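Undergrad: One-letter residues, chain by chain:
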Amino acid sequence: MPDQSNIKKNESFELSKSRSNKRKKRIILESKISIINTISILFIFIVGFLFLLVFKRDTVSNEENRNLASFPEFSFQSYFSGEYTEAVTNYYNDSVPHRSFFKKIIASKLLTLKGKQYGNDRIVIYGSAASKDKSDVAKTTSISLTSLALTTMKAVTTVTTTVTTVPDINNPAADGMISNNIVVVNKRGLMLFGGSFANGQEYASSLNEYKKALGKNVKVYSMVCPTAVSYYMPENYLDLTASEKENIDNINSYLSDVKPVDVFTALLYHKNENIYSRTDHHWLPLGAYYAAKAFAKDAEVNFAELNSTNYDTVSLPGYVGTLYGYTQSADLINNPENFVYYIPKTNCTVTRYTTSFTDGYSDSLLLNPKNMSTSSYYMVFGGDEQITQVNTSCKNARTLVIFKDSYGNALVPMLTSSFENIYVCDMRYFDLNAISFIQQVGATDVLFAMNTFSATGGNHDYIEQNRVK
Amino acid sequence: MVFSSLFFIFLFFPLCLFSYAASGSIHNKNIVLIVFSLIFYAWGEPLYVFLLLASTFVNFLAGLFIGKYKGKFLDSFSTFFAVAFDIIMLGIFKYSGFIIENINLIFHSNFNSPDIHLPIGISFYTFQIISYVIDCHWETVTPQRNFFKLLMYISLFPQLVAGPIVRYSTIEKEIDSRKVNIKDISYGLNRLIIGLAKKVLIANNLSIVVESMLGSPHNSTFFSAWFGAAMYALQIYFDFSGYSDMAIGMGRVFGFHFDENFNHPFICRDVTEFWQRWHISLSTFFRDYLLYIPIFGKRRKYAGLFLVWFCTGLWHGASWNFILWGLYYGLFIFFEMKLGKKQIKKIPLFIRHVYSKIVIVIGFGIFYYEDLGNLGCFFKNIFGFGSNGFISSSDKITFVNNVYLIIAAVILSFPVISLFKKMSERIYPAKICISAVSAFCMPIILLICSIMLVDATKNPFLYFRF
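Chains as they are written, first to last, in this note's numbering: chain A, 1 to 469; chain B, 1001 to 1466.
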């Protein structure tokens, strides 16, 4: 008979042994999980390390219409100022191989998880919608780009011009062109308008001064172009934006002897056509056509109607413009549009000059979009940092000088049957005295053509500066 | 160098980790850490890295003197000299512009502000170095006799530029002897990923909501002021605690055990408790080193309290709104002290929660607006005197556009996951299940964060500027 106490001892020994085994097993299991976890994390580190170091780095972001950061050149000065290391980091973080692919995943898969689109119009706000000019005090505030976290927006194109039609936040000229307050509604990006009656009044006063200086023989026109927000913002959300119409009316009320061109109404009739880009902050060439038509009527000149006799139509599919770069909206990148533009059949001689009206060279009226990225088709109208002279076959002895922002570019082809000579100057990049220039080229008509953001924002200052330069 | 960047996550950190793992002895490991830490700092501050070295050297010498002349005049003198040196350095590099600006304002003088930019992390490493010298003086730590080991403590890159403010006593022993097992590495890496996710997935995206709600106070509504400030509280929490998580995680991978810096601050029941749970390393620093100074005699208790809160505010930035922010909290803590713990406990829990959250939300509003005019506007809106009504369609759209993010942020700011983990500790299969799921999820979260980082190059950690 085994001793009872021995059995108990054995049992308790067995029990503690099995407990200890169990504990050991648990420790081994936990360690195994830790090992698998660690290895898989380290694997991602290694893959990421190699991917970013070995794979060919992107140099261009087509969607954002900009060059990606490049590797900086070393100098002791740039090193000790911290610029060099910052630029190296920026290069590494910015020029990621297959960047567009990742950006698309972020836009269409990850950022959409943040929440829901609002209401039946599926509206999404990007940036702050709270900068609308509401109070009397705020009448002088203009929309600023400074808070927009974008790096320099350089036009990405192999075209010989060194210019850009998209805003450059490092350049004050860009102020007011596009705001960081964008909504995407019904698959369309809309810039929310802030507006400023005070700036509008200043704009009007400047134009009045031009008229005074130029005298009777030169007609001066003001074409303040509304943006898409005036036509495509659902009524429920109109409180998000200031009224472009009210701002244009305000400007017109201060104009004296300057003819306002009513683009607002002209475009209103055609709002169901493709007059504005859904993915870009510009209007489409068709919108510019209707605006040009309204202007031609006011200027009492001939106008070439849009038909196959007068124009060749070019349609470029897959257009996703600047608003995607600003918003990363899945609704925009996943719904590209056709960029349709019209090439006038009349013969024109085009000379492009520097912003000081020197070093002219012959060029075509419209640039070849073949080498352009899908986001920069608006570049077919040429750039901004130049003065363009168009000599047409229309012999009516009328010479038009246009001072414009990037909206004005699309007007030019539509006016080639209306004026004998057209000089296109960007008010933001103009190095001469505007009055002397107008007189020098013998202008009969001067058109100020820009969008509401320019007329009531920081850009309006250039008009006055160019007058007194 | 920002932790939440591809450059750090996929170049600097792997290189450091590899070099560390390959370096063998603890001596070599320390050399690797010092070299990488100095590269890390010099990457952002190529010149001020010498200031860091100089500060460390001065305090190293002070430590040696304190150790050598224990209890004698030179002990106290060295302590005083080193602390004064540290504070003066901080004053020059962080506050000179602010001081001159205010002198000009008061005396209508016209002194030029010096052209000095704020060295990254100076507020953090100065406090660390002060704590070292005072601890040496109080004999709570033994002065370090090797300059490079002290340099490693000060410059250790995981906590160098945005805390937590690690005490020398916390890692004193680990400088010479530290062991790391697979669980430590796994824990550390997971903690790093959690921190990264807090920053990249939550804080960065909340910042857009905050900007939309608070960015233009003249157009804010009652709702956007309250909601925006609440979201800002969450943004700062996820931003800063995310950084602390990353620091603690990387520290653990290298064998260091840093103290926790956050302990779910939003579950606090009163303001005093909030500060016991928020930026713990800063509150304990002031508690241990500033309150001790017997400059207010018998009235020390309350005067010291306001001094602490004045300094807490000032530490956060050279701007009046930060000082106001500090004193604002000081005021509520003063009231709570006056009322006494017993009396406070008698107040129904629900009311205490509501009270503390209201105070915190308004507090973060003060923290947000460096411009006092905008701050005034914020106060108008938050107390219902604004002219923009209760809620705008922009508020509604922004809310709905971000609703899942907001819900996730609110839930994750409470200890839901840790509670869940604690409960599962009792049931072994559940515990293993959770470990396995977490082991599976963490690499995926890292992957998602990495993709998000392709588009997050412009989001430095907010506490970098302090």
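It should be emphasised that the hints constitute simulated quantities derived from the structure, not laboratory data. Keep in mind the model is a prediction, meaning the values are calculated, not measured. It is possible that part of the hints are untrue.
Stated by the list, open to error - Computed cross-link-like contacts, DSBU-like style, restricted to lysine-lysine with a CA-CA straight-line distance of at most 30 Å:
| hint | chain 1 | residue 1 | chain 2 | residue 2 |
| --- | --- | --- | --- | --- |
| 1 | B | K1421 | B | K1183 |
| 2 | B | K1346 | A | K32 |
| 3 | B | K1149 | A | K24 |
| 4 | B | K1380 | A | K25 |
| 5 | A | K9 | A | K25 |
Undergrad: State for each hint whether it applies.
TA: So, going through the hints one by one against the coordinates:
Between K1421(B) and K1183(B), the direct Cα distance comes to roughly 16 Å. Compliance with the 30 Å bound is thereby established for this hinted pair. For a cut-off of 30 Å, the pair hint linking K1346(B) to K32(A) is broken: about 50 Å separates their Cα positions. Between K1149(B) and K24(A) the CA atoms are separated by roughly 38 Å; this puts the pair beyond 30 Å, and the hint is violated. Between K1380(B) and K25(A) the CA atoms are separated by roughly 63 Å; this puts the pair beyond 30 Å, and the hint is violated.
Restraint check for K9(A) and K25(A): satisfied, since their Cα atoms lie roughly 24 Å apart, inside the 30 Å limit.
Of the numbered hints given earlier, the model fails hints 2, 3, 4; all others are met.
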